[in-house]
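**Student:** Guided by the hints, dock chain B onto chain A, whose structure is given.
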Amino acid sequence: MVNTQTIQFPADTLELVHKIIKRYPEGKQKSALLPILHLAQAEWRWCSPEVMDYVAGLLNIKPVEVYEVATFYTMFHLEPVGEHVIEYCRTGPCCLMGGVDVYDHLKKKLGIETGETTPDGKFTVKEVECLAACGWGPVFQIREKYYMNLTNEKVDEIIEELSK
Amino acid sequence: MKILTEHINVPGIETIDVFRKHGGYSAVEKALKKMTPDEVTEEVKKSGLRGRGGAGFPVGMKWSFLAKPEGVPRYLVCNADESEPGTFKDHYLMWKSPHTLIEGMIVSSYALGANTSYIYVRGELMYVVNILEKAIQECYDKGLLGKNILGSGYDLDLFVQPGGGAYICGEETALLESLEGKRGNPRNKPPFPAVKGLWQSPTVVNNVESIAATSWIVNNGGEEYAKIGIGRSTGTKLISASGHLRKPGVYEIPLGITVEDFIYADEWCGGIREGHKLKAVVAGGSSVPILPAELILKTANGENRLMTYESLSDGGFATGTMLGSGGFVVMDETTCIVHNTLTFGQFYHHESCGQCSPCREGTGWMDKVLHRIEHGKGREEDIDLLVDVAKKIEGNTICPLGDAAAWPVAAAIRHFRDEFEWHIRHPEKATQKGAVFMREGASWTK
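Protein chains in written order, with the numbering used here: chain A, 1 to 164; chain B, 1 to 446.
Lysine-lysine pairs mimicking DSS-like chemistry, simulated, CA-CA at most 27 Å apart:
1. Lys62(A) to Lys182(B)
2. Lys154(A) to Lys109(A)
3. Lys182(B) to Lys22(A)
Since the hints were derived computationally from the structure, they do not count as laboratory data.
Bound-form chain B, shown alone:
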């Protein structure tokens, strides 16, 4: 079942003519000519679609919070600032099929009553900005954007905004600050963007994949969408698969397949690279807890782990993780968990905006301590120091970057404490090139 990527490999799908030949912009026709904005919102609510950027908040509910005072403009801003390590699905979708996003932008803007919308793309993806701008121009030329779209009386202008290289701008209020031409410092909430967002006007910020899915929902109905998936994990999800896989890449899966199938089935990643064994997975982007092989394939209760929001988080942080952004990073037995955790630690240290002391100082401390453990200068008490610093960041910052920085460190120690101890106790071995600790009796140890 493919909703977003069915035609992604059709030659020329990036052009409006080919896109329309494959059913493109039928959702715009239907929504603008046959539905009221509230009816569109109602279908999105029925679909159970959850925010695909990482938080998983129901999209329809988020839309229903939008304040609609008379005479005040409202905005839809697409969050295409994809920067969570392990995540590259939005990049792929916009690069291959820009009209899939633009169609969703028109439908969603109509539902929200926005007459000007923006797609905020991370600045590194300037080539994607160019692809989108070209596709947007095609829409203006064909009357799908601009004044009186398809004779419906609805007006919409759509612009692409490049960022400047800052992970924090994926946080919606930092993104809005950035779109206003400022530093990307997250705002204190409340007020939420739905009340005071871009230029203090009511604003909805949604991820690329969420917005793109609304076209299919308009065409087929929310109930049909909700039939895909399991329970509260409805629809399909783009998974960015990277690391030691036979076939890394972006896959659109129906939510609810097993993790084991996703990793090993030929339809998906095709297994671990030749001659190697699964050691660990970061299932939802670098922020979510890493899990060792046995806990990613089965829950602590021995049930098959599924690719759903609920199943991946089963067991809480003690034995579970999160679906997050769907950034699925797979590691085989050659992976040093300490080194991998250090790269994530460096990332969050570099990307902290510096506004809140626990995050600014804490990410620096974690980076520093991880660095000395990795380089053979660790002390026995460093492991508990890392846990302590992580705890002190968690929940004590304006935005979730603090939590995002704390969780991967805490989880790596929770599940791979022996690797950290080995680094500290055997620095001469641990600092050798390619050296990896092999846990006795582990499924990945040969």
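Isolated chain A (complex conformation):
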């Protein structure tokens, strides 16, 4: 048996969850799934099976309805990640602007490959598809923040700042 007792949103987040559910008609609370998975990931960094079960309980849906959704959408981490998840855009327009070299520099600087986490648990690097910021490429995102027009020097500054 999985112990889900320790998994519980703080009171203010729980209040927000109930507010979100009210955005949809009665009985359509499943629509709140994506917004709530985002809240869960912000709280626990990744969507563990226990977290997904907890979300299913909140929405009164079956756990499998959460699993099938969390595994479909790329933003949800299904394995533990570091404190800062760096998601870089590998699609065409960012590559045109020198993205490949900048991302290689990033990985070299952190000493990890795509999908890996630094041994201190500080950084995870992930490769993602187009982030809708093509005119400001190369681009990566850390949580909600976009970092645009990246160069090797800018990458160094960002990593140093976040390493403090």
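**Tutor:** Using the frame of chain A, we list chain B on its own:
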């Protein structure tokens, strides 16, 4: 002529007070107090406004298909799941001027008789979700949303829904599935969303830019809007310009300027970056056929290519392309077409929802074959294999993602077959860092 972005750089335009000082929400006043919903729809029809998400379907006509059975709620859902590579205009508009979209949402919801509407924003843009939610709260505080808006008797609730990272949710029925809290698998049509959409209720799904344009149409009339542009390409269009340009960014153009002006004029992109030459353009987002320099500037008949739906598609897929979403990706002579095609191939492979075999398997095959050509392991027969796979995907899937995946590969081979052959025949040269094939006599070859 700017309709959507006239005040976009005004400091504080993201706040309701500054927005209103610049004429914001006058369309809501006019529509709700002086017009019937059908009159609003009529103006949108007259405007000739076409869907700005990529398909270009007339917005007014789409609205007129909405079923209106008694006692059943109707919904307007804004498609802000902007994910087509090369496209970032909706991102820009919502980020800089959220009220421009919200005003359009109120006017459009009123026209459709929707009392609850949603803006579905791609989840990666969570900061934009926050910007929109803040702006929506301002509207509730000022009586522009909620019950009895401005005393008109019309009620509207507006919510923002974040996605979870899936290109396919830009397809309207996948978006509705996602909004219902499910995987983004496109639905079989019919029934169309206008009859059975969100929670099986009649629903209209429109792109951000389309909805935002309706405010100006209400204020100035559909006929005035139709005076901008050429023929069936009316109004202005946001173009997302990226790649090897002096000034990449989002530009609002009157439809009908020449492609050459758009690329080279200082008013727009200001030309190709210093010391380089134009090689190719993907004019309407990654799905549309790539064209080499000579065919993007002039049609096969030697006429100037214009930034319109019709002119860009002149010549069909043999020598033309599409305006699509307006994702205008410009490549200079340093660009390896094989590598660029591979990045698009990877994209569609990753983003296929997996529902239809031709797309699920076909995108995987194209990715795999492109990958081996790019990495010096290509075989002579691989080029025709790619063409064959692309043909077998096209038209054989529930939603247009299959076509969107097939077209860029087929077009790259159509116009740059020699680059693929060079990769296959000279792997030792082609796999060197920065190596690019130079076509003899081409305008971009020095």
